[in-house]
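So the protein sequences, as listed, match chains A and B. The opening residue of the first sequence carries number 1 in this note's numbering; numbering runs sequentially from there. The opening residue of the second sequence carries number 1 in this note's numbering; numbering runs sequentially from there.
Just so you know, the hints here were simulated from the structure itself, not pulled from any lab data. In this text, all values refer to a predicted model and were calculated from it rather than measured experimentally. A few of these clues could be false.
Pairs count within a copy or across copies, as identical chains cannot be separated in the list.
[What the hints assert, rightly or not] With a straight-line Cα cutoff of 20 Å, these simulated EDC-like cross-link-like pairs (lysine to aspartate or glutamate) come out:
id: 1; residue 1: LYS220; residue 2: GLU106
id: 2; residue 1: LYS220; residue 2: GLU63
id: 3; residue 1: LYS172; residue 2: GLU25
id: 4; residue 1: LYS18; residue 2: GLU29
id: 5; residue 1: LYS246; residue 2: GLU36
id: 6; residue 1: LYS231; residue 2: ASP26
id: 7; residue 1: LYS228; residue 2: GLU30
id: 8; residue 1: LYS285; residue 2: ASP236
id: 9; residue 1: LYS285; residue 2: GLU29
id: 10; residue 1: LYS241; residue 2: GLU30
id: 11; residue 1: LYS238; residue 2: ASP197
id: 12; residue 1: LYS102; residue 2: GLU279
id: 13; residue 1: LYS241; residue 2: GLU106
id: 14; residue 1: LYS40; residue 2: GLU6
id: 15; residue 1: LYS238; residue 2: GLU195
id: 16; residue 1: LYS246; residue 2: ASP236
id: 17; residue 1: LYS231; residue 2: GLU63
id: 18; residue 1: LYS255; residue 2: ASP91
id: 19; residue 1: LYS285; residue 2: GLU6
id: 20; residue 1: LYS235; residue 2: ASP26
id: 21; residue 1: LYS241; residue 2: GLU168
id: 22; residue 1: LYS40; residue 2: ASP225
id: 23; residue 1: LYS172; residue 2: GLU227
Given next are the chains, with one letter for each unit.
2 protein chains.
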Amino acid sequence: MSFNYEDIVRRFNEHIFKKIPHYLEDLPEEYFKSIEYTLKAGGKRIRPLIIFFSGKMFSLSDEILFDLGMLLEILHTASLIHDDLPAIDNDDFRRGVPTCHKVFGEALAILAGDGLIFLSFEILSKLSIDLQAKERLVREFSELGGLRGMVRGEVKDVLMTGRSFLLEEIIKMYEDKTGALFGLAFEAAAICSREYDKAQKLKQIGKNFGIAFQIFDDIKDIVGDFEKIGKTPGKDIKQNKPTIVKVLGLSEAEKLANDYYSKALQTLSEFHNSHDLVEFLNSIKSLLIER
Amino acid sequence: MSFNYEDIVRRFNEHIFKKIPHYLEDLPEEYFKSIEYTLKAGGKRIRPLIIFFSGKMFSLSDEILFDLGMLLEILHTASLIHDDLPAIDNDDFRRGVPTCHKVFGEALAILAGDGLIFLSFEILSKLSIDLQAKERLVREFSELGGLRGMVRGEVKDVLMTGRSFLLEEIIKMYEDKTGALFGLAFEAAAICSREYDKAQKLKQIGKNFGIAFQIFDDIKDIVGDFEKIGKTPGKDIKQNKPTIVKVLGLSEAEKLANDYYSKALQTLSEFHNSHDLVEFLNSIKSLLIER
């Protein structure tokens with residue numbers, strides 16, 4: 001069976017923009033807009049698509065898969081808003097449009113990020129799934145989103161900026177900063193099906209995929225142009241960011257990313273019914289390295 | 001039975017400083033310190049004490065009550081760190097010491113707040129309680145901490161600053177900004193005991209208590225001195241903040257606060273076994289209005 005990916009993204013976007021307004025009722029207009037603006041700015045929706053296709057391994061309904069995708073996308077968006085703030089990465093553009101704080105000011109941007117973190121847990125708490133699976137999802141989302149994943153990765157990124165570091169340290173940082181949310185994307189459907197052993201393995205595959213993803217992103221920052229990447233290129237070097245490209249150089253970095261990518265897909269292909277997800281990940285590779 | 005409140009605070013602090021390091025393992029030293037610093041700066045631990053005494057209405061163990069107190073205190077601390085940021089309230093002092101961003105910089109302060117929000121859900125997910133009660137707690141914490149409570153209150157505070165407003169609007173804002181977490185403090189033990197109807201009523205009492213608490217806090221900002229309140233006084237007027245004192249004047253505002261306080265305690269005293277909590281709330285009133 002072959003899928004039309006654009007069609008799934010369209011259905012996913014319909015799903016979130018039908019459901020989100022209910023969660024954003026009774027909010028001041030300007031704040032509502034700051035959240036809606038950033039969620040609509042969109043991006044490629046890669047994480048929700050991964051959840052969608054990993055769901056095909058566990059026979060879950062599209063409804064629950066889109067809900068999981070929505071809450072992961074919300075968490076991802078929260079982290080982008082805070083990362084882009086002047087005190088952290090100081091980015092003026094994201095996904096081709098001005099960043100949240102450029103449009104709505106820093107105060108609302110900080111609070112938009114905070115509100116979205118809480119919102120992801122609110123949606124999680126209301127999913128129609130087994131209670132034990134839900135407990136596990138809350139644990140995984142809080143660990144991998146927070147101090148054992150994404151937030152820890154941001155912290156390392158901030159603290160390593162302008163310092164020297166080992167390749168190994170950057171890989172650990174990438175695994176946290178980018179790998180953790182991909183870990184969640186790969187394991188969420190398995191958890192909903194209470195397949196906890198498989199979830200553990202899928203999480204690790206997701207982390208490796210995330211490391212590759214981040215290296216490709218770094219390469220784009222150097223050789224990409226604004227039209228394609230949607231943000232100002234060349235910022236990593238200018239800000240003296242810790243990147244793998246800085247340590248290994250472009251071609252070795254690309255080789256390492258390809259290794260992580262292949263390793264992730266190889267391990268994944270050993271799972272029963274993983275064909276659709278493998279095919280999807282293969283098909284987007286050109287998108288990830290496109291400049 | 002009469003309690004020694006200092007003794008309970010001491011035991012609570014022991015509890016959190018024994019348990020927290022486990023959750024903060026494997027974090028960069030400086031970030032660990034930013035979190036520890038702010039949690040240790042302390043404050044009066046009023047919310048954990050409310051949970052402790054409300055637990056006496058439902059025969060819960062001290063262990064679980066201290067865990068609930070810990071996660072609420074963590075959420076409260078997260079909101080203080082973000083509120084104090086230059087883009088929001090721009091406060092240099094809190095609880096008598098320099099604020100988190102003054103000591104560790106804005107980037108780490110933003111990420112300390114984020115990390116603490118995730119941490120509170122991580123601790124929640126690991127509580128040893130009934131799964132249905134846990135699902136309900138995650139829902140309540142995410143709603144009242146986020147877009148249907150605390151974060152919404154902060155947003156209103158920011159957007160109302162420098163504008164004119166009705167008394168009713170400020171009361172709604174106080175109910176969100178301060179009342180929501182007190183709502184959680186009052187209802188958390190009831191939820192753990194699956195007494196959901198009682199939880200609903202206790203939540204509303206907590207919100208009213210929180211409105212009184214916030215008005216007393218506003219009055220302190222005007223007539224208090226640094227030694228007593230631990231932060232720079234007079235900031236609300238200087239920043240043109242929306243406060244009830246601004247609308248009603250000092251003595252009418254104090255009268256309104258007393259009304260909310262009495263109403264909360266009156267309704268609470270109708271609950272079976274609420275004596276210890278009522279006595280505690282009566283005893284701290286002098287502390288809340290102390291300047």
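- How would you classify LYS220 and GLU106 at a CA-CA limit of 20 Å: within, between, both, or neither? neither (27 Å within a copy, 28 Å between copies)
- Query: Should LYS246 paired with ASP236 be assigned to within, between, both, or neither, using CA atoms and 20 Å as the limit?
  - Reply: within (9 Å within a copy, 48 Å between copies)
- Taking 20 Å as the upper bound on the Cα-Cα distance, should LYS238 and ASP197 be classified as within, between, both, or neither? Classified as neither; 43 Å inside a copy, 57 Å across copies.
- Query: Quick one: LYS235 to ASP26, C-alpha cut-off 20 Å, is that within a copy, between copies, both, or neither?
  - Reply: Neither, since 38 Å and 29 Å both go past 20 Å.
- LYS102 and GLU279: within-copy, between-copy, both or neither at 20 Å Cα: Close neither inside one copy (38 Å) nor across copies (50 Å); limit 20 Å.
- When no copy is named, should LYS172 and GLU25 be tagged within, between, both, or neither for a Cα gap of at most 20 Å? Answer is between; shortest inter-copy Cα gap is 15 Å, intra-copy 39 Å.
- Message: When Cα atoms must be at most 20 Å apart, do LYS40 and ASP225 count as within-copy, between-copy, both, or neither?
- Response: neither (22 Å within a copy, 47 Å between copies)
- Message: Checking an output row: LYS40 and GLU6, CA cutoff 20 Å. Within, between, both or neither?
- Response: This pair counts as within: shortest intra-copy Cα distance 16 Å, inter-copy 50 Å.
- Is the C-alpha distance from LYS231 to ASP26 at most 20 Å within one copy, between copies, in both cases, or in neither? Answer is neither; intra-copy 33 Å and inter-copy 32 Å both fail.
- Task: Classify it for me, LYS255 with ASP91: is the Cα-Cα distance of at most 20 Å met within a copy, between copies, both or neither?
- Result: For LYS255 and ASP91, neither the intra-copy (28 Å) nor the inter-copy (48 Å) Cα distance is at most 20 Å.
- First find the shortest C-alpha distance between LYS238 and GLU195 inside one copy, then the shortest across copies, and answer within, between, both or neither for a cut-off of 20 Å. neither (45 Å within a copy, 57 Å between copies)
- Message: Please sort LYS228 with GLU30 into within, between, both or neither, judging by C-alpha distance up to 20 Å.
- Response: neither (30 Å within a copy, 37 Å between copies)
In terms of the numbered hints stated before, the structure departs from hints 1, 2, 5, 6, 7, 8, 9, 11, 12, 15, 17, 18, 20, 22, 23, listed from lowest to highest.
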